[in-house]
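Peer 1: Sequence:
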Amino acid sequence: MDIDPSNKIVKLCAEGMSAEFEGKLEDSAALFRQAWESASDNFEAFIAAHYMARSKLSLEEKLKWNLESFHLANAIERDGMKKYFPSLCLNIGKSYEDLGQIEKATEYYQLGADYSDILTVNPYGNMIKSGITEGLKRVGASRNQNPILASLIEKWCERKDLKPLSFILPSYVGNLGTIRDNNKIANALSYLSATKCLNDEEQKLIEELIISFQN
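Residues in the sequence shown are numbered from 19 upward in steps of one, following the numbering used here.
If you're looking for bench data, these hints aren't it; they were derived computationally from the structure.
Given the structure is predicted, the values throughout are model-derived calculations rather than measurements.
Be a bit skeptical, because a hint or two may be false.
Unchecked claim - Derived BS3-like pairs (lysine-lysine); straight-line CA-CA distance at most 27 angstroms:
no.	residue 1	residue 2
1	42	29
2	42	26
3	155	122
4	122	74
5	178	155
6	202	155
7	100	29
8	173	222
9	222	178
10	173	214
11	202	181
12	155	173
13	222	181
14	29	74
15	101	202
16	74	42
17	155	82
18	26	82
19	122	100
20	222	202
21	26	74
22	181	214
23	214	202
24	100	82
Please work from the sequences and hints to get the whole structure.
Peer 2: Structure representation (structure tokens):
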């Protein structure tokens, strides 16, 4: 389900964003509040609640509105709603993290990671995945830690070996441990292996890594 730029609630939220960028925070908050109060269905309310969380609120209020937006989105039984879940989970995770509730923050960052395969591969999708990745790192729950691959990348960086890095880093950065992400790394490792540009020890490790990421 896509957001219609001509929708009255979307227009109010866009006006609120413009006011926020201009430093008119009271006007921005008023426009977001108007959007919330004018919402006529769950989809419009989900959008408005998301922007309400942007207002100059306490950490507790931000969490409240982020949760409200997620619950409204989850209540809409229409195709295409799950594409919004990674971003919503990222926002909730950050709210809990800011409040020092690390266990809850981890729960929502992990949930966002689970939904991340839905994201389109574009700058927006990459930004959300990066946000989730960094959130998981901050709470000590990173999902893409493979010590062997991490050690190889460190060695390549130390000796400034750009060729293997150019193959691996695009799929390694932002990897959230999902099936799709791991398949990307397995493919990158396979291409690297085919070049035979590494020493025998590293070549063997790469071949073992390919198997581990495919399983």
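Peer 1: A separate judgement is required for each hint: does it hold in the structure or not?
Peer 2: To see whether the hints hold, each was checked on the structure:
1. 42 to 29: Roughly 17 angstroms between the alpha carbons, so the hint for residue 42 and residue 29 holds.
2. 42 to 26: Since the Cα atoms of residue 42 and residue 26 sit roughly 21 angstroms apart, the hinted pair holds (cutoff 27 angstroms).
3. 155 to 122: The given pair, whose Cα atoms are some 15 angstroms apart, holds under the 27 angstroms limit.
4. 122 to 74: holds, 23 angstroms
5. 178 to 155: Answer holds: residue 178 to residue 155 is near 25 angstroms, not above 27 angstroms.
6. 202 to 155: Judged against 27 angstroms, a Cα distance of about 21 angstroms means the pair holds.
7. 100 to 29: With a Cα-Cα distance of about 23 angstroms, the restraint between residue 100 and residue 29 holds, given a limit of 27 angstroms.
8. 173 to 222: holds, 15 angstroms
9. 222 to 178: holds, 20 angstroms
10. 173 to 214: OK: residue 173 and residue 214 at ~17 angstroms, within 27 angstroms.
11. 202 to 181: holds, 17 angstroms
12. 155 to 173: At roughly 22 angstroms apart (the allowed maximum being 27 angstroms), residue 173 and residue 155 satisfy the hint.
13. 222 to 181: holds, 17 angstroms
14. 29 to 74: Given pair residue 29, residue 74 holds - Cα atoms ~20 angstroms apart, limit 27 angstroms.
15. 101 to 202: OK: residue 101 and residue 202 at ~20 angstroms, within 27 angstroms.
16. 74 to 42: Answer holds: residue 74 to residue 42 is near 11 angstroms, not above 27 angstroms.
17. 155 to 82: holds, 24 angstroms
18. 26 to 82: holds, 24 angstroms
19. 122 to 100: holds, 20 angstroms
20. 222 to 202: holds, 19 angstroms
21. 26 to 74: Answer holds: residue 26 to residue 74 is near 23 angstroms, not above 27 angstroms.
22. 181 to 214: holds, 11 angstroms
23. 214 to 202: holds, 19 angstroms
24. 100 to 82: Since the Cα atoms of residue 100 and residue 82 sit roughly 20 angstroms apart, the hinted pair holds (cutoff 27 angstroms).
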